[in-house]
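Colleague: With the working numbering, letter number 141 in the sequence shown gets 141, and the count goes up by one each step, no holes.
Treat the hints with care, as some may be off.
[Unchecked claim] Think about it this way: if two alpha-carbon atoms lie no more than 20 Å apart in a straight line, the pair counts; the simulated PhoX-like pairs of lysine-lysine are:
1) K116 <-> K88
2) K74 <-> K61
3) K36 <-> K159
4) K176 <-> K198
5) K59 <-> K109
6) K74 <-> K36
7) K120 <-> K150
8) K150 <-> K74
9) K109 <-> K91
10) K36 <-> K109
11) K120 <-> K159
12) K199 <-> K176
13) K116 <-> K199
14) K61 <-> K91
15) K120 <-> K191
16) K191 <-> K150
17) K116 <-> K150
18) K59 <-> K91
19) K74 <-> K91
20) K175 <-> K116
[What the hints assert, rightly or not] Now the in silico label distances, taken between C-beta atoms and shown as ranges:
21) A24 <-> D174: 37 to 47 Å
22) A184 <-> E107: 21 to 31 Å
23) E107 <-> S189: 12 to 22 Å
24) A184 <-> E148: 46 to 56 Å
Source of the hints: derived by calculation from the structure; they are not laboratory data. Ideal placement from N, C-alpha and C gives every residue a C-beta, glycine not left out.
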Amino acid sequence: IVWNMPPLGTINVHASLLPQYRGAAPINHAIINGEKETGVSTFLLQHEIDTGNILLATKVKIEETDNAGILHDKLMRAGADTLIETIKGFKANTLVPIPQEEVITEELKHAPKIFKEDCKIDWNCSNDAVYNKIRGLSPYPAAFTTIENKTLKIYEVEKEANSSQTQIGDFITDKKTFLKFASADGLISLKSIQIEGKKRMSIEEFLRGFRFESHD
Numbered sequence: 001i002v003w004n005m006p007p008l009g010t011i012n013v014h015a016s017l018l019p020q021y022r023g024a025a026p027i028n029h030a031i032i033n034g035e036k037e038t039g040v041s042t043f044l045l046q047h048e049i050d051t052g053n054i055l056l057a058t059k060v061k062i063e064e065t066d067n068a069g070i071l072h073d074k075l076m077r078a079g080a081d082t083l084i085e086t087i088k089g090f091k092a093n094t095l096v097p098i099p100q101e102e103v104i105t106e107e108l109k110h111a112p113k114i115f116k117e118d119c120k121i122d123w124n125c126s127n128d129a130v131y132n133k134i135r136g137l138s139p140y141p142a143a144f145t146t147i148e149n150k151t152l153k154i155y156e157v158e159k160e161a162n163s164s165q166t167q168i169g170d171f172i173t174d175k176k177t178f179l180k181f182a183s184a185d186g187l188i189s190l191k192s193i194q195i196e197g198k199k200r201m202s203i204e205e206f207l208r209g210f211r212f213e214s215h216d
């Protein structure tokens, strides 16, 4: 196997604090799950994915407004620095590889590949859960819902209380400045979206050109 050929092994950088969030989409899943902290880990490759001995790890804070794109860039910078420190550690012979099983302190959360059906918003979920899903999938692959039988990708939102008593899954709009969907316990106010066949735009731009067929 190629990665066993180097005498000191082969290093990989993973965008989580291993052994948490092993898999293809650690950045997305960390935000979707509402984590406040994640990080990057350098580890030695072995046959089973993301399971090799840990070399170094760096923690990174997840802000309430971070989306997957913002967090990706934070982790990219942290990963570069951590990789450099790992290489220095190898050179100085100061690294002690740690088996991942030795650092497990809680139930493991996984980060499987995200498919299109995973991106559909379930408005029966809590406001926090919907909010986290949207930012965890923004800007790619993007969470979506439907409006007037058209697919609506959602990139930026804000959370609000549902003082209007709008029913779950329904939306309210003034057709000029706001469009809000009701979740199980609040409202999600859309700020940046993309309707099928169009480019990404602000909610004001969208409302100026969209014709509502069945909404007062």
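Colleague: Now tell me if each hint is right for this structure.
Modeller: Hint check results:
no.	hint	verdict
1	K116 <-> K88	violated (41 Å)
2	K74 <-> K61	holds (9 Å)
3	K36 <-> K159	holds (18 Å)
4	K176 <-> K198	holds (18 Å)
5	K59 <-> K109	holds (17 Å)
6	K74 <-> K36	holds (14 Å)
7	K120 <-> K150	holds (13 Å)
8	K150 <-> K74	violated (34 Å)
9	K109 <-> K91	violated (33 Å)
10	K36 <-> K109	holds (14 Å)
11	K120 <-> K159	holds (18 Å)
12	K199 <-> K176	holds (19 Å)
13	K116 <-> K199	holds (19 Å)
14	K61 <-> K91	violated (29 Å)
15	K120 <-> K191	holds (18 Å)
16	K191 <-> K150	holds (18 Å)
17	K116 <-> K150	holds (15 Å)
18	K59 <-> K91	violated (23 Å)
19	K74 <-> K91	violated (26 Å)
20	K175 <-> K116	violated (29 Å)
21	A24 <-> D174: 37 to 47 Å	holds (41 Å)
22	A184 <-> E107: 21 to 31 Å	holds (25 Å)
23	E107 <-> S189: 12 to 22 Å	violated (34 Å)
24	A184 <-> E148: 46 to 56 Å	violated (23 Å)
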